Each structure stands twice: as C-alpha cells, then as structure tokens.
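Use these hints to put chain B onto chain A, whose structure you have.
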Amino acid sequence: MEDVLANINDVAVQKFGAEYSEARAQKLYKTMLTLKEGRVEAAKQGIENGVALRVLVDGAWGFASVGSFDAEVLMNAVSGACRMAKNAGLRLKTPIKLAEAKTVEDHVQIKPRKTPSSVLMEDKISTALEVNKAALGYDKRVKGCTIDYLDLTGANYFANSEGTRIEQDKLYVWSRITATASSQGLFTFSREEIGSTAGYEVFDSAPEAIGEKAAKRAVQQLGAKTPKGGKSPVVLGPNVVGVFVHEAFGHLAEADLALAGGVLQNNLGKKIGSDLVTFYDDGTIEGAFGSFKYDDEGVPTQKTLLIKDGVVAGLMHNRETAQKFNVESTGNARAENFRVEPIIRMRNTFMAPRDHSFEELVEGVSSGYYFKSFRGGQANLDGTFQVGIQEAYEIVNGEVGEPVRDASISGSTMETLFKVDAVGKDFELWPGRCGKGQTAFICDGGPHIRVKEVIVGGSA
Amino acid sequence: MVAVLEKYQMLSLAENVVKSALQKGAAEAEAYVYEGQATNVGIERGQITKTNTIIDRGLGVRATVNKAVGFAYTNIIEAQNAVEDTITGALSAARASKRDPDWKGLPRKKMYVAVDKVYDPAILELRSEGLVDIASSMIDAVVSVDKRVFPIEGGAGAAYLSNAIANSNGVSGFEKGTIMECSVATVAKEGNTVTPVCFEFNAGRDRNVDPEWVGKEAARLALNSLKTKRVKTETTKLILTQFALQDLLHFTLINAVKADSVQRKQSPFQDKIGEQVASETVTIHDDGLLPGGLRTWAFDGEGTPQQKTTLIEKGVLRNFLYDNYAAKKEGKESTGNASRAGYLSTPGIEATNFHITPGNKTPDQLLSDVDNGLIIYYLQGAHSSNPISGDFSIVATPAWKISKGEIKHATRGVMLAGNIFEVLKNVTATADNQRQMGQLIAPWILVENVKVIGK
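The listed protein sequences correspond, in order, to chains A and B. So the number in the working numbering is just where the residue sits in the first sequence, counting from 1, plus 13. So the number in the working numbering is just where the residue sits in the second sequence, counting from 1, plus 12.
Bound-form chain A, shown alone (with noise of 0.2 Å):
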C-alpha cells in the first residue's frame, strides 16, 4: 500500500509540479449499537476504503478524497487537486509553507489485551443491556436510557513526498450514556462517557456501575434547586475543569485560530494567568482517547506545554502554523477519516495539579457553587467562553450543600484564568468528542479547582 501511494506522491511532484505530496489511505471497520430502553435499535457494522490525497501546489493546498484504492481512480485524484490547487493560488499574497519535518519510517501496531473486532457483537449487547438495566433499575423516576456504542478499528497508511512512510493501527473504542428522569412535570438528564485507544478491557469493569452513576446525578436533579445568576465564586471538578481547558483555553491555543485573529496570537510568552495555572496538550498518555503515535502530517506526537505558572508557553501547531511561528509542528494535525483533511486538533488536554486538598479549596468559600460534571461548552476567538453544568452543588459556609441543575459558567478566559486562586492536587481525565467541523477524540482534565468569580447563569 505504502508503494501504491509513494508512487501517488511521486506523480503530483514530478508531472504536476507539487512543492509537497501526502497520501493517506485508510482501512477501516466500525461496529455500532444503540440502545434505547434496552430496545437494540440496530446492531449495524460496517466497512469502509477510503485515500486522502493532499498537494501543495504553487503555496496553495488542493486536497482530493476518494473511496478507493484502484491506481486509475488515484491517478485522476492527484491531477484534479494539483489542477485546482493551482487555480486556488492565482491571487496568494503569503504562499503556504511547511516547517522542516524529520522523515520517518514505522509501523506502530497495538496490542490491545481485548481487540473489539475479536468481542462478539452479541456480547457487546450483552454488556450494553446490563448498562441499560442497571440505570433504569436505579430509580422509578429513571425514565429514559440511551446508550450508543461505537467501536474502530483498522489500518491507516501514510507517505508522503519527503519520503516519510507509516502504517499505524488504529483503535477506538467509545459509549455513551443517558439517562433521563422525570417526576412532576419536571425533566433531567444526565451523560457519562466513555472512551479509550487501549482495548475493549475498558469495559470489563463494572458496566453497571456507569449505568447507575448516570441514573443517580439524573435523579438527583430532580430535587435540585436552580442558581442565582450573578458573580459567584466556585470549584470545578476535574471533568469541568477539563472543559474549560479545552473550550476556553484549548482552541484559543491552536495555531490556526491563533492566526485568525484570537486572542492569543499576540499574547505568547505573556502572562494571561495566575502563577497556579499550568495547562499541557499530551498526545502520549498510553491508552487515552486522544493519544496516538503519528498525526496525520506524519509528525510524531509530543507532550506539548501550553501555559507555564500563568505564562504562554506556547501553541499546538501543524506544519503549516508551525512554519509561521518558526517553530517545529508539535504533531496535532490530525483528520476524523480519509474524507477530510488534517488540521489542527487537540490531543489529551489538562491542567496539572497543584498541592490542595478538595476540602482546603471549599473550606475557602463562604456561599458559592461546586461545579462536578459539565453538559457541554463552547468558546470564541474573543476570549469568551460558555460552559454548561450537568452536576452542581452549592456550597454554604465551606460545605458542600444542596445539589444546583440546569447551571452554567461564563466570562473571558483571560479575566477567569487570573482568578484560579487554588488548586487541587488530585487528577482525574475524561474521554470526549471534539467538533471543529470533523470529529476528534480527545481527552480533557485536571484537579479540582477554585475561582474567585465567574458568572453564573441562573434560571429565568
């Protein structure tokens, strides 16, 4: 395969005049379940071929995808992306460039203990029905419970122009579920997830325990009362603060939105937060839903160091940005399937621990909020961010108190980072999907924190 695409490569350099040629071809194989009520809506399974090709013609990028691997079908791809990248790039004032990348010759393979494609899909509706039971079992007021299952495996091959070549294993396996109560006219819900690149053994734990941890924060809520909106001080669990790293902070650091005009472009080695505040993007946490050997540039994957003690330490980069900074690609560059192109994602996102205990950061609120588990967020390039707040609980007089639904947090980034005035020194790390037009798996997380201020969205 790697020759077929070599060979690709070799055309788009020498007939067409590409300055850099990539070839990715994948092989892949999903299996997929949901489950609604224990209902198995479908067991489905599916197989897909696929090459990504990518030219960089006259500073401008052509990139062509095609299902399939015959030569004539390839053949006619890389003229058709060489032909339109030349056509992009008649008006480029700033032509792309690459930043240096060393060439590399693998074939990384993973030896899970528990390969999923060897797992019956009987026994992985098995293992989703006890899912499904035990959440439904928790609670008469339990009403709803979905669970999807999705498992990738297969084999992603990539060359490129430079003569780097790389087979790399790939494997995914990912759940989620939700579970939904209602009583009195009042509705909540509640989502747990879980992801990993290490093996199905993810799953030989207790799968009903993820069950009932869903059903119970999704019942508690119903007894819950809803936030004052206005300035609060808070702590934030791992799982939010995670997000927040993520959304607030995380895609302001990717080099390309830092590039179009984000906040942080002009803010390396400046300082944009307190001295407690240290946040890293690391692609090599072994079995980690964001992990891997290679990016999709061939780069290898890096721990990459974004903010030190409150200072800008630097961004996630493609070759591309990289070139840009005059640095070397830290290895996000990273595409869903051989449908799109790679650009620059996060990997496993965290804050790092400090030295508090849970109780040292709440002892220190007198009326705030403890924020446990997030819903979902969102940030823009102007520095503000959104996070909403699937468990929440107030804290009166240093103790955590009634439990709070239906809450969000807001601000700028920038202001809120200077108010971390705490920080835990547990850890814990949370599988998760990110969208950013293409899907990426990724891991977020950290220790507990504390805030001076946020805003907190209330209820109407």
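Take these hints with a grain of salt, some might be off.
As the list claims (entries may be wrong) - Calculated cross-link-like contacts (lysine-lysine; reagent style PhoX-like; alpha-carbon spacing at most 25 Å):
{"id": "1", "chain 1": "B", "residue 1": "K31", "chain 2": "A", "residue 2": "K283"}
{"id": "2", "chain 1": "B", "residue 1": "K110", "chain 2": "B", "residue 2": "K31"}
{"id": "3", "chain 1": "B", "residue 1": "K463", "chain 2": "B", "residue 2": "K420"}
{"id": "4", "chain 1": "A", "residue 1": "K244", "chain 2": "B", "residue 2": "K241"}
What the hints assert, rightly or not - Derived list of chain A stretches under chain B, where covered just means 3 residues or more per stretch with a C-beta under 8 Å from a C-beta of chain B:
{"id": "5", "segment": "56 to 64"}
{"id": "6", "segment": "89 to 99"}
{"id": "7", "segment": "103 to 114"}
FYI, nobody ran anything at the bench for these hints, they're computed from the structure. Bear in mind that the values here come from a model prediction, so they are computed numbers and not experimental data. We treat Cβ as the ideally placed atom computed from N, Cα and C, and that holds for glycine.
Coordinates of chain B only, in the frame set by chain A:
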C-alpha cells in the same frame, strides 16, 4: 465533478441487494445507495488557500430476522464480494441483535410527488475556477467595507447528492439534487479589541448565491460589534434572528416534536396535542416538499414520501414528526421524517424544512415595537441547554441593544436564561424576512419577558 452514477446503476444495485438479502434468509430487507460529490474552495486568514473534492459512494443495508434489525454498510460498491459481505453483515448483525416486539415492518410502497427547484445541472458544471471567483468576490466585499474587518475563514462549495432506495415491500426510488453555498466568518480588530466571530452565508439548491451580500453583511456585523457597552440585568424583550433561533430550537423544540421523544416520555409535549403550547403568533410546519428548500426531497431515508406536516397552528400543537417505526407503534402513517447521514447510518427521525410562518411586519417595523431590548445573532453554548426541559442558560456573542426602536450598540458576554417552551408562549410578533438556515426556515421573532444577565 467526475461522471455521476446513473439512476439505473444505483437502482439496480439497490434492488439486487434486496433480492440477495431475501435469498440469504432475511425476513425483510432494505438497500440504500448514496452518492455525494462535492467541491469546495476555502478561505483562510483573508486569502484562498485550499480546495478540496470528495467523491463518496456507498451502500447501507437493513435486514430483519425474526423482528431483530441488523445494519451494515460499505463504500466498496463496485466489488461484488464487498457488496455480498455487506448483505451477510446486515444479516449476522440482525441475528446477533434482540427481537423487537414493536417492529411492524419496513414501509410500504407509496406514490412520490415531484419536488421543485432541488436540482440545478449548472452546479455540476461549475469547476473550481467558478468557486474561486465566488470566494474572491466575498473576500473583496468584506475588505471593501472597512479595513478593520478581516475575513478569517469561509469558502464556496458545490455539491451533488443522489440516492436510491429499495425494499422488500416494493419501495423503489431514485432522486438527485444539488446544493450550493458560500460563507464567510469575520472579526474586526481595533487596538487590543477583537470582536467575536461574525458569520454570514448563502445556501440554496441552485447556482444563484450572492457572495457580495454575504461578504458585506459579515463585515457590517463585525464592524458593528467593535464598540460595546454593558447592559444591565433585567427581564426584557428580545428579537431572535435566524442564527439564534436555529441554535436554540435545534436541541429543544425540534427534539420535542419528534414522535420517538414523545413515545419515550422525553418531550414536554407528551399528551399535549390540541393544547396551546405557544402564543397564537406561532405557526410551524415541517415541509419536506418546500420548493427549493435545503432539506426538500421526494422521499425520506426509508423511501416514504416527504410531506407538509402541521406541527403548531396558531400556538396549538397539532402533530409530531414520525418515521415508519414510530408511526406504526401508534397505528399511524409515517410523516416522511426518516433521515440518514448518508449510507453510514440507519434512519432516524429528523425535521426536514422546519418552517416557522413569517408575519407581515418588516424587520424595521418589528424593531420599532421594541422600546427597550436586545437583538440576538450568535449564541454560545446552546448545545448545553437541557434538551428535554428546554431550560437554557447561554451567552450571546454579540447582541445589540435596542432602544426606542433603534439598534444602538453592541454588548458582549450577556447571558440569556430561560426556557424555550416559555419563550414560545411569549412570542408577540414575527417579521416577514424569512430565510433558511440548515433545517430551520424562519423570520425574526419578537419575544417578551426573557431574563438577561448583564455583565
């Protein structure tokens, strides 16, 4: 674009797969064949830097064995063995799955009506040069408005889509359509101030997009959000533009009118048919046959004819959206709302063109109804709304203050808190300026009594 698959090629593949699945032991079978070809030209940081083309073809097979449903897909449709493996895959998935006592079979054959303005052959002939021209004029239009505005990303794209479906009840259909779009995202910068990202687009089924309008409008919005003032926390009037409505309704109201949400007791509209659920100003249809609509097709993802369904009439809840499964569960007929994400997924209930009926007022007249309020464009965090209760607590970035009927100044970081179902009851007027955005086609709407948390 390369030569597209012909109707007879796609239909005969679908029909042969159904036959083969039945021979292999399926009680029922359905084959869905998809082709999508798209060409895009992309803008990044103020210039055209990239182009892409995708050719995506595939087959999805649904088979049932003893009322258990299995599904398999592949994108290797030219190889007979891959197609046979997919049929076998659907059958083995069905055998591994569980019997569903509510399964009442695949849809029956029904007549399709022709749909208008969904296919423009000119789009197939459009080469990348044409798209480069569209993208360029959009960039030029942005920059012509003001030097402080910067087109950060965007592009122009043309797509051809076709699908064929066949099932063991005699359903057999083929249709093709085109979509053309251009969009640009902008920010304005002055000193250390960067505005939130502003966005405009044009999308339709024919070749007529207006890149200059898109560029100018995106630039105007960014420019007008440079100077901001704070607003106070209060309960006030809002004009929701289509951007805001799309974000707010997608996760809440549209879920609430899906029959499976109702049947699963996850909709506040359960047992509310015939009741007033919105103000009398609100009339909503799901119109799968709307001429030129972005989601207009003759038939849905399981081969049922699409139709116009009245959901809310003058505030009164009239109906829900059904696929065949949910409809049969209640002894009803599908409303043609089974939707697929290409060949990769089984059908699920989704709105087609979710059409909020426009009113008679011009946008200016609607504004003049507001003595004190905000006009909302882009929202942040709408997907963190509670999809079942409809409670939301989200940020408007930016919103503009309306005072005495005029848009005065931008404001940032304002939070809106409320419940979408209460919002529907507080709609007091709709404008005449409807436009389509994804599945939503709507005018601006005026809402009273929404809590705004200032900064």
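Comparing the hints with the structure gives:
With a CA separation close to 67 Å, the supplied pair B:K31 and A:K283 exceeds the 25 Å bound. Proposed proximity of B:K110 and B:K31 is supported: the alpha carbons are some 24 Å apart, at most 25 Å. This hinted pair checks out: B:K463 and B:K420 have alpha carbons roughly 20 Å apart, not beyond 25 Å. In summary, the hint linking A:K244 to B:K241 is supported, as the alpha carbons are separated by about 18 Å, within the 25 Å threshold.
For the segment 56 to 64 of chain A, the stated coverage by chain B is satisfied: 8 residues place a CB nearer than 8 Å to a CB of that chain, which reaches the threshold of 3. Requiring three or more residues with a Cβ within less than 8 Å of a Cβ of chain B, the coverage given for the segment 89 to 99 of chain A holds, as 7 such residues are present. For the segment 103 to 114 of chain A, the stated coverage by chain B is satisfied: 6 residues place a CB nearer than 8 Å to a CB of that chain, which reaches the threshold of 3.
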